[in-house]
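Chemist: Now for the letters of each chain:
Number of protein chains: 2
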Amino acid sequence: MLEKEFQEILDVGISLSSEHDLEKLLNLILSKAQQLSKADGGSIYLINKDKMVFKTSRNNTLLRKLGPEKIKEIVKTFEMPVTKQSLAGYAAVTGKPLVIPDVRQIPKDADFHYDPSFDNKYGYSTVSILVVPLMNKENKVIGVLQLINSLKDDKPVAFDPAVNKIIFSFSSQAAVAIENTQLTDQLKEAHYETIFRLSGAAEYRDKETANHIMRVSHFARLLAEKLGHDREFCEMIFWSSPMHDIGKLGIPDSILQKPGPLTPEERSIMERHTIIGALVMKDSEVKIISQSRIVALTHHEKYDGTGYPQKLKGTEIPLEGRIIALADVFDAISSKRVYREPMPEEKVLAIIREGAGKHFDPELVEIFLSCLAEVNEIKVKYADLEEQADKFRKLEGLDLKALL
Amino acid sequence: MLEKEFQEILDVGISLSSEHDLEKLLNLILSKAQQLSKADGGSIYLINKDKMVFKTSRNNTLLRKLGPEKIKEIVKTFEMPVTKQSLAGYAAVTGKPLVIPDVRQIPKDADFHYDPSFDNKYGYSTVSILVVPLMNKENKVIGVLQLINSLKDDKPVAFDPAVNKIIFSFSSQAAVAIENTQLTDQLKEAHYETIFRLSGAAEYRDKETANHIMRVSHFARLLAEKLGHDREFCEMIFWSSPMHDIGKLGIPDSILQKPGPLTPEERSIMERHTIIGALVMKDSEVKIISQSRIVALTHHEKYDGTGYPQKLKGTEIPLEGRIIALADVFDAISSKRVYREPMPEEKVLAIIREGAGKHFDPELVEIFLSCLAEVNEIKVKYADLEEQADKFRKLEGLDLKALL
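Heads up: the protein sequence lines correspond to chains A and B, in order.
Once you know that position 200 of the first sequence is 203 in the working numbering, the rest is easy, because the numbers rise by one and skip nothing.
Once you know that position 178 of the second sequence is 181 in the working numbering, the rest is easy, because the numbers rise by one and skip nothing.
Source of the hints: derived by calculation from the structure; they are not laboratory data.
One should not assume that every hint holds.
Identical copies look the same in the list; a pair holds intra-copy or inter-copy alike.
Computed list of lysine-lysine pairs in DSS-like fashion (alpha-carbon distance at most 25 Å, straight line) [to be verified]: (1) Lys7 <-> Lys99; (2) Lys191 <-> Lys285; (3) Lys58 <-> Lys27; (4) Lys314 <-> Lys404; (5) Lys285 <-> Lys404; (6) Lys191 <-> Lys140.
Quick caveat: nothing in here was measured; it's all calculated off a predicted structure.
If we strip away everything but chain A, and leave its shape as in the complex, we get (with noise of 0.2 Å):
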């Protein structure tokens, strides 16, 4: 091997360790395999316990024939068991790579066959295969890579061994990648589980389920997304919006669950989760918790300057409380209360509308309004259960045995 096809490597190899975003590195991995073995195409798979996922494909051949969007409308994700008798599936089994000169050659009476019903469909002819599994560094199959058709002079040929040798150091790398990425995945999932769980639980207190918050969340990303903000903002309100109003639990029950119209001095008892709830986020490094701070703090501003704490008036009001604010107040009026039937949608959406330059930001009215699908695709998901409502008011009958 050349100094500098080394040289390449360990630069793919601190590309693939930088980058951790799954989809992107799976693109980026199948990219760069293609380009080391001169594939026309290629896949990955990934092991998910029992279940190979089908996660990321290219085929040059097809993308040209076929346009990208044909492509992307037949390169579905799917699962398949993981069992020795397709080639991905071989290599995932027995952990060795599988090398194919010509897949037309394959015995019929082999572990593994070639599935030709793709080509078929597609009208694309596979002849070389190489499949490598993606082991970590415990020698366990996290996935494979399969590579289609090795091209010389624009004509599939056997893939060359000295290249093979290369991919599968490539593969090591990946794996690692892979491994390291879904990682980080995981703990971003416990975290935001953990998020949702406790102020979830905090939500019981006066709200009959917990699913507020749960849509809450995915209007206000909705809006974030629709007003063209960047991934990491659109996260950041989805994941801190939860705990909105996580200061309620510095308000007693008395008032908190009144079931009567407040007085002015229990109003400003009430008033004060919003500064309770920024104590509770202050002094953090940690941005998920400054971003639910001032969330906390501004949800209840109204653009006109009406609202509080602290009054603030049309753009003084940081973004996210803005977003929350509409977000907070559109699934109020909307759902369900013990006490009373959820509005009709026209009031619902009178209300809003009415509320554009007064309560709201009006150009988040305006692009509410304009994704109004989403918003109920939202509302059906996400909708209130009656065999949640309750759930820890009536604890007769359970199974405690399997709660341990």
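Go by the hints and put chain B onto chain A.
Modeler: Using the frame of chain A, we list chain B on its own:
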């Protein structure tokens, strides 16, 4: 460069990427760099904002001469400003490596100079030095690797330029691995801080400060460590135990905050907080959440089977539950409350001792009593402070702008 060497660097890169413990990773980087360059010693600095933090150091000659105990004593983490004057600082500021065949030949008017105080103090003689900035993919310097005295026939010689090239490649891999480990550490820290903030906020409903859950977490980890459990178990109990009382969110103020003794019916409602906590955390694939479900459900069981909610007995109670039971009761009786002064220590210990085999696992009581010095350190470090008490109740005079 030889193929064998390159393959080794690739393998080392994979080892680095697979190591997620920062301290172990830095040691691995340093020992590999020493091995590649035949250096007698070396150290790694990491950049933290405007400071360089001295993290890891190895010196074979001094290790032989002084022994591991003495080395541990003299090698302490320290911080220094990032300025061009020191060798490591020069590499950090300029992003360029320094290759110094003999430190005694550094011109007096050079930007940087070599500080001989360590050599003088411990009778070491530094001659050749190689200083390599650790740069991430965006060419930002995240740390510095410094190697001392490349040895040939046990004599310090200048570092070999051919080897230096390998070290430069290696250092890029090292930088990415360090950055990835720091990223996962940050993700974990963010998660844990969220747990403490949200669980702490929930505590304010019936406690004056949230330090109770801090102390209980620390006591619990201490017990797990003294029992000889591995780092993962100890971490898990530390981070899940703040959530042990989260089910109190489902208990009304009228019971939770009742000053006098509870009626039997009120007590039975109060006891539900164990089950509610388990329900908040049920059906999760996230380890920390399922762990906190177990802690919530079982931390009021008693060793003799007289606890609640399941009247589990002895080792039927999961270890986590037995640990938190002891830590929680100890903290409750040894802390000050609004309505009473803290109990004198002898009385607290007498209660714990007497509870062995009745309320508490006798083995845990024994371990706990054998590490009272460490227990007291935790008590002092996380003591309830007057200014924290009633933080959320007295909100007058707060500067809200400072919270935005």
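Chemist: Which constraints among the numbered hints does this structure fail? Numbers only, ascending.
Modeler: none
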